[in-house]
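*Asks:* Could you put the whole structure together from the sequences, leaning on the hints where they help?
Chain order of the listed sequences is A and B.
Each residue of the first sequence is one higher than the one before, counting from 58 in the working numbering.
Each residue of the second sequence is one higher than the one before, counting from 58 in the working numbering.
In case anyone wonders, no lab produced these hints; they're calculated from the structure.
Just to be clear, a hint being listed does not mean it is correct.
[Unchecked claim] Listed below are the simulated DSSO-like cross-link pairs for lysine-lysine, each with C-alpha atoms no more than 30 Å apart in a straight line:
no.	chain 1	residue 1	chain 2	residue 2
1	B	Lys-321	A	Lys-300
2	A	Lys-259	B	Lys-340
3	B	Lys-300	A	Lys-340
4	A	Lys-321	B	Lys-319
5	B	Lys-256	A	Lys-319
6	A	Lys-177	A	Lys-319
7	B	Lys-300	A	Lys-256
8	B	Lys-319	A	Lys-160
9	A	Lys-97	B	Lys-93
10	A	Lys-177	B	Lys-319
11	B	Lys-97	B	Lys-63
12	B	Lys-97	A	Lys-93
13	A	Lys-300	B	Lys-177
14	B	Lys-319	A	Lys-259
15	A	Lys-259	B	Lys-242
16	A	Lys-97	B	Lys-300
17	B	Lys-160	A	Lys-319
18	B	Lys-259	A	Lys-321
19	A	Lys-97	A	Lys-321
20	B	Lys-256	A	Lys-321
21	B	Lys-177	A	Lys-259
22	A	Lys-63	A	Lys-300
23	B	Lys-340	A	Lys-160
24	A	Lys-300	B	Lys-63
25	B	Lys-242	A	Lys-340
26	A	Lys-160	B	Lys-177
27	B	Lys-259	B	Lys-160
28	A	Lys-97	A	Lys-300
29	A	Lys-340	B	Lys-177
30	A	Lys-177	B	Lys-177
31	A	Lys-321	B	Lys-160
32	B	Lys-321	A	Lys-242
33	B	Lys-259	B	Lys-97
34	B	Lys-321	A	Lys-160
[As the list claims (entries may be wrong)] Beta-carbon label-pair distances, calculated as ranges:
no.	chain 1	residue 1	chain 2	residue 2	range
35	B	Leu-244	A	Arg-223	45 to 51 Å
36	B	Arg-167	A	Asp-219	33 to 39 Å
37	A	Asp-84	B	Pro-87	50 to 56 Å
38	A	Gly-90	B	Asp-328	42 to 48 Å
39	A	Lys-93	B	Asp-215	55 to 61 Å
40	A	Gly-317	B	Glu-338	44 to 50 Å
Glycine is no exception: its CB is placed at the ideal position from the N, C-alpha and C atoms.
There are 2 protein chains.
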Amino acid sequence: MSSREKSLTETLRLPAGPVDLSAHAADDTPGFGGSKNDGKDALADLEDPLSELQERLFAEGVSGGRRSLLLVLQGMDTSGKGGVMRHAAGLVDPQGLHINAFKAPTEEERGHDFLWRISKELPPAGKIGIFDRSHYEDVLIARVRALVPLERIDLRYDAINDFEKRLVDEGTVVVKCMLHISPEKQLERLLERLDSPEKHWKYNPGDVDERALWPSYRDAYELMLERCNTDDAPWLLVPADRKWYRNWAVATVLHEALEGMKLKWPEADFDVDTERQRLTELKL
Amino acid sequence: MSSREKSLTETLRLPAGPVDLSAHAADDTPGFGGSKNDGKDALADLEDPLSELQERLFAEGVSGGRRSLLLVLQGMDTSGKGGVMRHAAGLVDPQGLHINAFKAPTEEERGHDFLWRISKELPPAGKIGIFDRSHYEDVLIARVRALVPLERIDLRYDAINDFEKRLVDEGTVVVKCMLHISPEKQLERLLERLDSPEKHWKYNPGDVDERALWPSYRDAYELMLERCNTDDAPWLLVPADRKWYRNWAVATVLHEALEGMKLKWPEADFDVDTERQRLTELKL
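*Replies:* Put into structure tokens, the structure is as follows:
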């Protein structure tokens with residue numbers, strides 16, 4: 058089957074069962090046969106179709122529709138969650154986006170259930186929500202750094218699946234992308250941040266401490282990818298060592314998800330001829 | 058003085074004193090000598106410099122800086138507030154934007170001071186906030202439709218000036234653009250919405266009722282432009298009958314405002330060599 062017959066979403070979807078990230082090359086470009094320049098052109102070509110579908114979703118939302126889309130981005134430091142937002146999500150009208158970057162929870166947030174702060178940032182009808190990190194941190198850093206007792210973390214996978222199922226049932230399409238980079242590429246990118254004074258602000262000495270925990274994070278990611286890969290909200294594994302591929306891939310699965318919604322322009326809930334007459338007859 | 062020597066912000070700033078909107082041609086292109094195609098090219102040329110300044114502001118915000126920028130867009134229906142966001146603000150990374158469209162206040166919002174809901178949507182440090190409509194509706198539609206006793210509305214101009222002064226004092230640069238269209242252009246754009254089925258969702262029969270109040274709105278706008286044109290937060294009048302000029306003009310004053318902030322990349326608060334060593338010595 059050619060890549061045209063199989064959607065990129067199908068290509069990138071992780072099969073059910075245990076996940077071994079080392080079996081997936083992070084510099085691979087599944088579903089794309091061309092060069093880096095071809096990839097950049099293909100991304101630019103998505104601007105118009107993506108923008109139109111986003112506007113149709115927005116139009117549906119202001120016309121009484123209840124649907125929305127949620128793009129969840131997860132990945133190790135430097136995997137490019139921010140880059141994807143800038144280059145892929147940046148293709149559409151920013152008015153149609155609801156972006157949130159989840160940092161360490163505040164004291165108030167820690168006083169609530171872990172999904173409390175997530176729920177507050179869900180996209181309203183008509184919008185594309187994007188999470189830069191998400192509720193998955195509550196089974197990633199929470200597990201790696203033992204922030205929460207293990208038996209509570211173990212309960213969270215099902216809680217997340219139930220939560221996402223409810224979102225889907227209520228009309229949100231959930232697209233989850235794990236940006237998969239190699240530890241070698243992370244080292245390269247962290248060193249780049251040190252070498253360029255205009256990138257120093259992106260560097261945090263704590264990044265090295267997190268990097269030292271790479272094997273624990275990999276295990277936590279593998280477990281999360283296995284346990285929360287549902288038919289309602291499947292996990293897509295996006296190889297992310299090549300920025301151009303990563304950006305094209307996320308824009309493409311976003312496009313496929315919007316296409317799958319079969320969005321139509323809302324029909325007028327007024328009589329067009331009457332309105333034309335009212336307008337032209339009105340004298341100021 | 059040529060347009061190069063005078064900034065566009067200075068060119069578009071309303072002089073102090075009473076405002077007569079009919080004295081400003083809505084199809085004028087002050088500060089720009091070229092054609093429509095030149096204008097589109099000039100807008101595209103702003104993408105890179107605008108993006109870099111926006112990123113510097115963002116970097117400052119995550120590095121302990123307190124500054125932000127607030128762009129307030131006002132204008133009659135169809136003047137292009139949404140178009141400006143899509144085409145001018147859409148040039149920069151959407152992660153750096155905090156966009157809010159103010160609709161009719163909710164019951165909860167009406168239970169508070171008129172600036173309550175505005176305050177909640179102010180941009181945090183490092184971000185560019187954009188208001189599609191704003192607290193100025195509380196002296197526009199509120200006056201035209203007599204939603205509030207006149208003596209309370211009269212107090213609001215000073216309240217707004219005090220509010221904006223406080224924002225500026227605390228580190229927010231406030232850029233206020235009135236998108237100025239002619240009633241003839243509005244009629245043309247409303248009819249376009251009726252003629253194109255994919256634009257029906259943008260049309261509301263109530264738009265005709267609002268249009269019938271054009272003279273009252275003009276008076277309310279003129280009063281607001283006179284009374285809230287402060288040195289802290291001056292009003293710029295952007296002729297908006299030509300979409301390409303409007304988009305270029307708002308992107309340009311945004312660029313000038315960011316340039317005026319003299320944004321620098323934050324300096325490292327860590328020792329670069331130590332970090333390079335820690336990174337390269339770490340074995341996974």
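*Asks:* So, for every hint listed, does it hold in this structure?
*Replies:* Quick rundown of the hints versus the structure:
1. B:Lys-321 / A:Lys-300: holds (26 Å)
2. A:Lys-259 / B:Lys-340: holds (22 Å)
3. B:Lys-300 / A:Lys-340: Distance ~25 Å between Lys-300 of chain B and Lys-340 of chain A Cα, so the pair holds.
4. A:Lys-321 / B:Lys-319: Violated: Lys-321 of chain A and Lys-319 of chain B sit about 46 Å apart, past 30 Å.
5. B:Lys-256 / A:Lys-319: holds (18 Å)
6. A:Lys-177 / A:Lys-319: holds (27 Å)
7. B:Lys-300 / A:Lys-256: The hint is violated at about 36 Å.
8. B:Lys-319 / A:Lys-160: holds (28 Å)
9. A:Lys-97 / B:Lys-93: The given pair, whose Cα atoms are some 28 Å apart, holds under the 30 Å limit.
10. A:Lys-177 / B:Lys-319: Since the Cα atoms of Lys-177 of chain A and Lys-319 of chain B sit roughly 35 Å apart, the hinted pair is violated (cutoff 30 Å).
11. B:Lys-97 / B:Lys-63: holds (21 Å)
12. B:Lys-97 / A:Lys-93: Holds. Lys-97 of chain B to Lys-93 of chain A sits at ~28 Å (cutoff 30 Å).
13. A:Lys-300 / B:Lys-177: Cα-Cα ~36 Å, so violated.
14. B:Lys-319 / A:Lys-259: holds (20 Å)
15. A:Lys-259 / B:Lys-242: violated (46 Å)
16. A:Lys-97 / B:Lys-300: holds (29 Å)
17. B:Lys-160 / A:Lys-319: holds (28 Å)
18. B:Lys-259 / A:Lys-321: At roughly 14 Å apart (the allowed maximum being 30 Å), Lys-321 of chain A and Lys-259 of chain B satisfy the hint.
19. A:Lys-97 / A:Lys-321: holds (29 Å)
20. B:Lys-256 / A:Lys-321: holds (12 Å)
21. B:Lys-177 / A:Lys-259: holds (28 Å)
22. A:Lys-63 / A:Lys-300: Roughly 23 Å between the alpha carbons, so the hint for Lys-63 of chain A and Lys-300 of chain A holds.
23. B:Lys-340 / A:Lys-160: holds (27 Å)
24. A:Lys-300 / B:Lys-63: The given pair, whose Cα atoms are some 41 Å apart, is violated under the 30 Å limit.
25. B:Lys-242 / A:Lys-340: Holds: Lys-242 of chain B and Lys-340 of chain A sit about 14 Å apart, inside 30 Å.
26. A:Lys-160 / B:Lys-177: Holds - the C-alpha atoms of Lys-177 of chain B and Lys-160 of chain A are around 20 Å apart, at most 30 Å.
27. B:Lys-259 / B:Lys-160: Roughly 14 Å between the alpha carbons, so the hint for Lys-259 of chain B and Lys-160 of chain B holds.
28. A:Lys-97 / A:Lys-300: It holds: about 10 Å lies between the C-alpha atoms, which stays within 30 Å.
29. A:Lys-340 / B:Lys-177: violated (40 Å)
30. A:Lys-177 / B:Lys-177: Judged against 30 Å, a Cα distance of about 15 Å means the pair holds.
31. A:Lys-321 / B:Lys-160: The hint holds at about 24 Å.
32. B:Lys-321 / A:Lys-242: holds (28 Å)
33. B:Lys-259 / B:Lys-97: holds (24 Å)
34. B:Lys-321 / A:Lys-160: The hint holds at about 24 Å.
35. B:Leu-244 / A:Arg-223: 45 to 51 Å: holds (46 Å)
36. B:Arg-167 / A:Asp-219: 33 to 39 Å: Roughly 36 Å apart at Cβ, these two residues keep to the hinted range, so it holds.
37. A:Asp-84 / B:Pro-87: 50 to 56 Å: holds (52 Å)
38. A:Gly-90 / B:Asp-328: 42 to 48 Å: With a Cβ separation near 45 Å, Gly-90 of chain A and Asp-328 of chain B satisfy 42 to 48 Å, so the hint holds.
39. A:Lys-93 / B:Asp-215: 55 to 61 Å: holds (58 Å)
40. A:Gly-317 / B:Glu-338: 44 to 50 Å: holds (48 Å)
Hint violations for this structure: numbers 4, 7, 10, 13, 15, 24, 29, all remaining hints satisfied.
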